[in-house]
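Engineer: The lines below spell out each chain.
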Amino acid sequence: MIVGLNGYLILGAILFVSGAVCMAMKRNAIGVLMGVELVLNGANINFVAFARYNPAFEIEGQIFALFVIVMAAAEAAVALAIVLNFYNNHLTVDVDTAEELKG
Amino acid sequence: MDQSTLLFLILATFTGVSAVAVVVTQNIVRSAVYLLFTLAGTAGIFFLLGADFVGATQLIIYVGGILVLVVFGVMLTAQGPFISMKVGGGEWAVASAVGILLMGALTVSVSMGNWATTSTERMDDEQRSLSSARLGEAFLGFPGITPREPLTGIPPTNQPHYRQRVAYLLPFEIVSVHLLVVLIGAAYLARAKRRKRIRA
Numbered sequence: 001m002i003v004g005l006n007g008y009l010i011l012g013a014i015l016f017v018s019g020a021v022c023m024a025m026k027r028n029a030i031g032v033l034m035g036v037e038l039v040l041n042g043a044n045i046n047f048v049a050f051a052r053y054n055p056a057f058e059i060e061g062q063i064f065a066l067f068v069i070v071m072a073a074a075e076a077a078v079a080l081a082i083v084l085n086f087y088n089n090h091l092t093v094d095v096d097t098a099e100e101l102k103g
Numbered sequence: 001m002d003q004s005t006l007l008f009l010i011l012a013t014f015t016g017v018s019a020v021a022v023v024v025t026q027n028i029v030r031s032a033v034y035l036l037f038t039l040a041g042t043a044g045i046f047f048l049l050g051a052d053f054v055g056a057t058q059l060i061i062y063v064g065g066i067l068v069l070v071v072f073g074v075m076l077t078a079q080g081p082f083i084s085m086k087v088g089g090g091e092w093a094v095a096s097a098v099g100i101l102l103m104g105a106l107t108v109s110v111s112m113g114n115w116a117t118t119s120t121e122r123m124d125d126e127q128r129s130l131s132s133a134r135l136g137e138a139f140l141g142f143p144g145i146t147p148r149e150p151l152t153g154i155p156p157t158n159q160p161h162y163r164q165r166v167a168y169l170l171p172f173e174i175v176s177v178h179l180l181v182v183l184i185g186a187a188y189l190a191r192a193k194r195r196k197r198i199r200a
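Protein chains in written order, with my numbering: chain L, 1 to 103; chain E, 1 to 200.
Be aware that a few hints might be false.
Some chain L residues well away from chain E (every beta-carbon gap over 10 Å; in silico) [as the list claims (entries may be wrong)]:
(1) 35
(2) 97
(3) 99
Cβ-Cβ distance ranges computed for the label pairs, FRET-style [as the list claims (entries may be wrong)]:
(4) L:100 with E:111: 19 to 27 Å
(5) E:192 with L:101: 23 to 31 Å
(6) L:90 with E:13: 20 to 28 Å
(7) L:56 with E:171: 17 to 25 Å
Just so you know, the hints here were simulated from the structure itself, not pulled from any lab data.
Just so it is clear, CB atoms sit at the ideal spot from N, CA and C, and this is done for glycine as well.
Just need the whole structure built from these sequences, with the hints factored in.
Structural biologist: Shown next as structure tokens:
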């Protein structure tokens, strides 16, 4: 039994689906942020798996994964700053109460 | 069963179950702990794929940095020791149905696609151990040189599959400056506004 590329792609898909459902379902804004991290990790697994198994991406896959990690750090910092600001103003992190910008 | 296959199965089960547990659990603190397990398992997957530098970066930045940020966010916004964000049964049903549908679509497209893999075991062990060195040379645009050869910048002539690659130094610099700008912006955004709250 050889796992090969497809096993890694399936694992990336599991992480992606978990993250997407987490983003859609969690009431807590930090839970939504965790979903974003899961999605980015699933994409990263795909990048590194292609870097390993496809010669055309042997360097690019790893470099893109590094860029995604740096972007995730930036995104987490900004999102947490926004969440803290929202908590200071509303004393809750429930995303359902954030309806001031509702059209 | 191969040794690497066994390792992959263990790591993949660990990572996947933790990822599902992040979604399923209702307590946000437990969710953060399962996220820690998922990120560490992903780092293990990266090590298994021969990407040592990416795995180490994952451990340092994700597990060491982003997760600490998330845990501090949980602590700063917690109203009680056990926050539970209850989700109704109907939402559970819809969310799990959508998730299973999405997972099925992704599985079908993964198994049907021809992903142009030349061989399952492409790199030998010697090349695999030089992963971070080759990554550093790729940033400078010298992919054909192994560290054993003199670093002249001229590709060795006996290498048949040499092709000019793009150097990634400029995107790396742009990303670093972007991270600096974003962190300054985040610090500005999250600064304490005590005076305004006292007046109000």
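Engineer: Each of the hints needs a verdict: does it hold here or not?
Structural biologist: Do the hints match the structure? See the list:
1. The beta carbon of residue 35 of chain L is not kept farther than 10 Å from every beta carbon of chain E, the shortest such distance being approximately 8 Å.
2. Consistency note on residue 97 of chain L: stated as away from chain E, and its beta-carbon is indeed over 10 Å from all of that chain's, at 12 Å minimum.
3. With a least CB separation of 17 Å from chain E, residue 99 of chain L remains clear of the 10 Å interface cut-off, as annotated.
4. In this structure, residue 100 of chain L and residue 111 of chain E break the distance hint of 19 to 27 Å, their C-beta atoms being roughly 45 Å apart.
5. The given range of 23 to 31 Å is respected by residue 192 of chain E and residue 101 of chain L, whose C-beta atoms sit roughly 24 Å from each other.
6. The hinted range of 20 to 28 Å is not satisfied by residue 90 of chain L and residue 13 of chain E, whose Cβ atoms lie roughly 40 Å apart.
7. Between residue 56 of chain L and residue 171 of chain E the C-beta distance comes to about 18 Å, which sits within the given range of 17 to 25 Å.
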